Amino acid sequence: MLSLSLLLGVNTPLPHLFSLCKDDSSDSDLELSTVRHQPEGLDQLQAQTKFTRKELQSLYRGFKNECPSGLVDEETFKTIYSQFFPQGDATTYAHFLFNAFDTDRNGSIRFEDFVIGLSVLLRGSITEKLNWAFNLYDINKDGYVTKEEMLAIMQSIYDMMGRYTYPCVRDEAPSEHVDKFFQKMDKNRDGVVTIEEFIETCQKDENIMNSMQLFENVI
Amino acid sequence: MAAGVAAWLPFARAAAIGWMPVANLPMPVAPAEKSKRREELIILNVSGRRFQTWRNTLDRYPDTLLGSSEKEFFYNEETKEYFFDRDPDLFRSVLNFYRTGKLHYPRYECIASYDEELAFFGIQPEIIGDCCYEEYKDRKRENAERLMDDQEDNKDNKPPNMTCRETMWRAFENPHTSTMALVFYYVTGFFIAISVITNVVETVPCGLVPNQKEVPCGVRYTVAFFCMDTACVMIFTVEYLMRLFAAPSRYRFMRSVMSIIDVVAILPYYIGLVMTDNEDVSGAFVTLRVFRVFRIFKFSRHSQGLRILGYTLKSCASELGFLLFSLTMAIIIFATVMFYAEKGSTSSKFTSIPASFWYTIVTMTTLGYGDMVPKTIAGKIFGSICSLSGVLVIALPVPVIVSNFSRIYHQNQRADKRRAQKMQKARLARIRISREGTSSAFLHSKRNGLFNEVLELTEDQRLSKSTSLLESQHHHLLHCLEKTTNHEFVDEQYYQQSYLEAGMQNYPSQSPSLSSREGVTGTCCTRRSKKHHTPLQNASGPAHMQPLTHTHQQGLQELSTIHISTSRSSLNMRVDEPGALNCQSSQITTAIISIPTPPVTTPDGDAHLPVGPTYQNVVKVSAL
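Protein chains in written order, with the working numbering: chain R, 3 to 221; chain A, 80 to 703.
Please keep in mind that the hints were generated in silico from the structure rather than gathered at the bench.
Just so you know, not all the hints are guaranteed correct.
What the hints assert, rightly or not - FRET-style restraints, in silico, Cβ to Cβ:
no.: 1; chain 1: A; residue 1: S397; chain 2: R; residue 2: E77; range: 22 to 28 Å
no.: 2; chain 1: A; residue 1: F199; chain 2: R; residue 2: T81; range: 30 to 36 Å
no.: 3; chain 1: R; residue 1: D144; chain 2: A; residue 2: E119; range: 44 to 50 Å
Small disclaimer: the values here were computed from a predicted structure and weren't measured.
Backbone N, C-alpha and C define an ideal beta-carbon position, used for all residues, glycine too.
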């Protein structure tokens with residue numbers, strides 16, 4: 003009879019009776035991440051960056067709208083950045099960008115990090131911008147850009163293009179591009195690019211200098 | 080693009096500086112800002128209630144009323160605000176959509192008025208957030224059903240010229256349509272009742288006959304009952320024939336349950352008429368009379384409840400069948416046990432296992448007639464176990480049927496939800512298409528941008544005047560990425576076509592010079608020039624786009640080529656459609672284009688622009 007009742011019990015909504023013994027592990031959800039961060043005052047930020055008050059206000063409004071808690075974690079950052087590149091996969095490049103912005107490496111970007119980074123990119127001198135770019139490429143922040151690091155960066159940039167490109171992205175395209183880059187930048191052929199080599203080469207290249215000025219008036 | 084993300088566009092553009100040192104090509108020029116970004120508050124006066132928001136907030140969705148220049152029609156010069164004569168409560172949701180990027184449906188609002196507001200402000204209801212979308216769809220469906228019901232009720236004011244047949248059918252199906260129908264309904268009901276009562280009374284013993292034997296009334300008043308039976312059967316036959324005549328689909332009517340019941344109800348009489356006075360089949364004749372009781376099922380036409388009960392039982396059939404099966408198992412087990420337990424006792428009623436079935440059933444259902452009782456001790460023990468387990472058996476079918484009922488009920492709800500989910504899939508598909516619209520918008524504007532470069536139009540005459548500043552900045556960003564990697568974005572259709580053409584070939588080295596590209600003609604990614612003759616299309620236009628042609632070389636050559644191809648493309652447009660649709664269903668035809676299309680040189684000698692005819696070739700193949 004027990005077997006019969008078990009058999010029949012399968013059909014009826016009795017199984018939930020058996021789950022009474024299991025203890026719910028949903029209590030851990032109660033430890034909500036109520037971390038919040040308030041940025042420094044406007045005056046301090048104005049002193050640290052080259053933005054005007056109005057610009058800082060507008061930047062903060064956009065920032066807070068997307069991240070009400072005042073902190074951007076990597077996943078949110080990746081989601082936001084991916085929306086600009088619907089055809090490709092922008093998550094790897096977003097990861098590198100995140101590390102470039104998160105200067106104190108605590109896993110989240112605060113508004114100060116955000117606005118200081120933007121200040122360098124938009125209002126900084128060419129040297130500062132080149133420094134920032136070098137910092138982006140230097141994944142382990144040891145002062146040298148190796149071929150592997152550059153290859154990773156290049157691959158992530160090509161990933162953003164997606165599948166449907168003309169001409170089709172071949173697998174060797176990123177490494178070829180890296181080789182070209184190193185040919186240009188690595189003056190002493192030691193297999194790494196240092197910051198001095200980088201800045202020196204870029205300052206000599208007219209294309210790069212012009213493109214650095216491109217985003218002067220973004221805000 | 081989502082609303083909040085628009086605020087991050089400056090960041091994304093600034094981060095593009097990371098690509099600059101890597102790129103080998105010069106970057107495109109950034110779109111000029113027509114005026115300094117107006118970071119100002121605007122006032123929206125909706126029926127007296129003033130809402131204020133930033134102008135940028137509204138600009139996030141340029142294809143809605145508030146985000147486009149359409150709102151200028153509502154601008155009030157004296158008060159310097161935008162006045163809308165609409166419901167301010169509903170406007171809250173609309174404005175929140177701009178602020179947060181999510182559209183919510185307020186549950187206390189009427190669905191029709193909400194839809195009207197959304198339509199007025201140019202917002203698609205499909206983008207309602209997941210939190211409110213189910214509710215919205217449910218309400219919408221209820222509303223639609225109510226409208227349909229209303230329409231059906233109105234239909235009962237019958238259209239004037241219905242044929243006699245249709246009138247009859249309507250009268251049969253819905254007795255409230257006319258008095259005749261109602262009369263017919265009651266008359267048939269009355270005769271069904273008469274027939275059933277007659278069948279019952281027939282068997283009642285009806286007084287004594289001189290030879291002291293009680294006879295049933297049927298035998299005593301044979302003629303009377305026969306006349307009654309005949310009358311009922313005649314009525315039923317006439318009714319059945321009339322229904323058969325009036326039915327719109329006779330075959331379907333004959334297969335329906337009700338008509339089968341009708342036939343079964345009247346057939347015994349006719350068979351009985353045919354085979355009277357034939358003694359050997361009188362047994363069968365008696366059996367046939369039993370079928371007369373099926374006339375009672377004719378009542379189900381008169382009772383909605385019976386029909387629902389029938390449907391429930393039908394849908395519970397598998398569960399009941401399983402229950403029956405398990406009961407059978409139990410009966411067999413206990414019957415066997417009881418038989419062997421009682422085998423020893425004298426004059427035991429348990430003569431065989433099938434004989435013990437009766438005992439087991441009677442005991443398990445707690446009937447306990449007492450006609451068979453165990454006498455041995457073992458028999459009594461097992462008998463008590465049997466009756467105790469029988470209690471369980473009684474307890475089990477009820478929840479099964481109840482749970483079945485609730486399951487059917489929930490299934491109905493789930494079927495509705497599944498319909499809603501199908502709509503969800505359709506909705507997601509539409510959202511995805513609109514998102515793809517951004518990438519295709521980019522491709523579209525790229526062509527327009529190149530148009531502009533080539534034709535050297537002034538700012539006023541820009542073809543892409545419908546793209547907002549936000550969009551142009553986004554497109555500039557994507558353009559920079561293209562320049563960095565020296566590859567272009569193309570749409571899926573073009574990619575698949577070019578993939579088809581590709582065999583084993585060498586890609587050219589990635590030198591930016593066009594001359595090397597010319598050498599690729601006939602192999603991978605043969606470029607075709609197709610100028611879509613719709614320059615003024617909105618940025619969120621059709622999802623399938625035509626690939627563009629690089630026109631790096633400025634000059635009149637390009638101009639004339641464009642003119643030639645434009646006229647030709649208008650011819651190609653209709654040929655294009657089936658090809659485009661074919662690719663959109665993402666089914667790559669197996670016809671591999673092995674013939675490399677030779678480049679057709681234009682009179683101007685632009686070797687790298689194969690024009691119309693080759694395209695037509697390709698399209699024909701892919702339209703297979």
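> Okay, F199 of chain A versus T81 of chain R on CB: inside 30 to 36 Å?
Replying inline: holds (32 Å)
> Is 44 to 50 Å a correct range for the gap between the Cβ atoms of D144 of chain R and E119 of chain A?
Replying inline: Holds, at about 48 Å.
> Does the Cβ-Cβ separation between S397 of chain A and E77 of chain R fall within 22 to 28 Å?
Replying inline: violated (47 Å)
Of the numbered hints listed earlier, the single one contradicted by the structure is hint 1.
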